[in-house]
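**Student:** Turn these sequences into a full structure, and let the hints steer you where they fit.
Line order of the protein sequences matches chains D and W. Final position of the first sequence in my numbering is 381; the numbers increase by one with none missing. Final position of the second sequence in my numbering is 381; the numbers increase by one with none missing.
There's no promise every hint is true.
Treat identical chains as interchangeable: a pair holds within one or across any two.
Mimicking BS3-like on lysine-lysine, the simulated pairs with C-alpha atoms at most 27 Å apart in a straight line are [said to hold, decoys possible]: (1) 284 x 239; (2) 239 x 136; (3) 57 x 136; (4) 351 x 57; (5) 351 x 239; (6) 351 x 284.
By construction, these hints were calculated from the structure, which means they are not laboratory data. If you're wondering where the values come from, they're calculated on a predicted model, not measured in any experiment.
There are 2 protein chains.
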Amino acid sequence: MSTTDDAEATRDPDERARERLIELAAEFYDQFAGGQIPEMTLPTRTKSNIEYDEESGVWVYGDRTSTRSANSVRGARKLLKAAYAIEFLARQLDQGRSSTLRELYYLSESWDAEDAHFNDQSESDKLIEDLEIVTGVTREDFHMRPEESGATLMGPLRLREQTRRGEREIHCQEDVGEGGYQIPNNPDTIEFLDHDVEFVLCVETGGMRDRLVENGFDEEHGTLVVHLKGQPARATRRITKRLHDELDLPVVVFTDGDPWSYRIFGSVAYGSIKSAHLSEYLATPEARFVGIQPSDIVEYELPTDPLSDSDVNALESELEDPRFQTDYWEEQIELQLDIGKKAEQQALASRGLDFVTEEYLPARLDEMGVS
Amino acid sequence: MSTTDDAEATRDPDERARERLIELAAEFYDQFAGGQIPEMTLPTRTKSNIEYDEESGVWVYGDRTSTRSANSVRGARKLLKAAYAIEFLARQLDQGRSSTLRELYYLSESWDAEDAHFNDQSESDKLIEDLEIVTGVTREDFHMRPEESGATLMGPLRLREQTRRGEREIHCQEDVGEGGYQIPNNPDTIEFLDHDVEFVLCVETGGMRDRLVENGFDEEHGTLVVHLKGQPARATRRITKRLHDELDLPVVVFTDGDPWSYRIFGSVAYGSIKSAHLSEYLATPEARFVGIQPSDIVEYELPTDPLSDSDVNALESELEDPRFQTDYWEEQIELQLDIGKKAEQQALASRGLDFVTEEYLPARLDEMGVS
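**Tutor:** Written out as structure tokens, the structure is:
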């Protein structure tokens, strides 16, 4: 989460994260010392308390709050677990260590207070999200890693990654194999050095990512190809946002032509309900959708599959979704419901292996004013 | 598939693959020319025709064969599709191109004979496997890519990858970020240059892979950490086998402690039924299992989950599986059925984040005589 305080921003993020955690623990302490029942106040994390912020173009939490109070056994246990987790995180930051969300769940078994052990991983995952919200520090800055891994980059970008083993300077075309540069779990350890990138192209499937690289699309068009690997990991969304914000690069998203893929676009562009507290850190509202558009299915006579019932339901719920309430999306989604079909990115291969890089993408990007 | 003919082995694999395909097409032609109904003979690819080869320690096809003959419309259509696919593959090799399995399926829509179009991707996938078997050339040498991607390497190994953009020399610790070196789709484009590797450690989960790297296990023990990412892709199994065969390195496999993970070990070590024709190319029969062993669950009192009904069924079917018919596996599987519990790799974190690298692995590897 970006802090707006410039003085803070220049400080060591580990130290800042640690201080915020200790401040939170100190609040509990002060409440106790003052004879109050300790409590912690959070925005209510339900769908009904999620708002689309017109100005920033991302999802954020609304005004409703919930209070975790130690005035019940259940509430007291939650604060106890929070206190133990804070102690663990503060020590981890102090020692320059990190751990996975799953390790935290298992680690709690070693805590002396049995009431502080987590019942399952969803409980510890949710606590970490709560701590993110209350402290304004991201999970990455707590040094908590996910299981999901970031995807890969390929394109004319030179970067410096701060690893535990020292700095690595890597050019994402010249210094990597065909597999590309593997995005680390915390992409804020990356500094962008120099580049010849014209635009960032986020691609849903590995097959299409490989096609673009084989056809040299990144070299010919100054494209930084970001492989989303389906629903993108936080690390992938974060680096995409940083590429846009710091290098002032246009971002376009290329997926299959079905409602689930439009949601992948939505999570890159507008953020997700699950991580609405992180939208400013993860979402790139300026990102634009390349396709596959329902109108492409018609225009290029692509091989299709029929829409299933759940596809139709998902499209109908997208029509109600404020993120998709634009003339463009209404037209495309209504067209898709009308034709009753969906198509994959790789269906473009029915017109030859070079069609996507020689015809489809150049035409679409030109139309969008991107390249 | 390794050819045993030394003269052939030194030739350009693209040219060899192309020749084998054309030889196969020429057979059809000769059959036609000789007034015969064309046909193609293959080993029967059913479970009942799979044999465990005691000598090589891998699964191979048995003696039963099936014949695809053009004496029925269905059979004729199959050979027609094979002929079109052979033409496509031969042209692809000639042009130094490659494509994904899914692209091949879509590409068939552009073939002029409508009877040659594939009905679904499983049909084209199966045809490629048939061609692998008949020609003795691997899919990789046909330049057919999967959707699944290879995983990553981290450790003291310097390699050279032949990419479409020229050669890249990469040290898998010094020249990569924390994410490691991304294995390309065809790892036979890699040449091993030099190394300080003592043994290869294949790891099932990303969380454990990250733990080993964070704790510097690869640096301290001369370990090349191969991330399997669950059930390993062909590329991951292939490079593991090459590391063993070419560099004479011990290979050990570290997974969760449940029947599905034992199958992951099995696919690294013995090959899978689906790709029995490739066992010699993909399997590493000398690979050994580190854990999590059922006996570790007991010894270290790891946090567990109860075995589900499908876990129990899978364990019982492993007891019947020739790959697991050793004293070691029988003892471990019977113990697991007895305690009725399973545990994940990361459950070791219940004894602290360093337990796995400071105690568990050193003790296990010592016991196994590996390090």
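**Student:** Would you mind marking each hint as holding or not holding in the structure?
**Tutor:** Verification of the supplied hints:
no. : hint      : verdict
1   : 284 x 239 : both (19 Å within a copy, 25 Å between copies)
2   : 239 x 136 : both (24 Å within a copy, 25 Å between copies)
3   : 57 x 136  : within (15 Å within a copy, 45 Å between copies)
4   : 351 x 57  : neither (30 Å within a copy, 37 Å between copies)
5   : 351 x 239 : within (23 Å within a copy, 33 Å between copies)
6   : 351 x 284 : neither (29 Å within a copy, 32 Å between copies)
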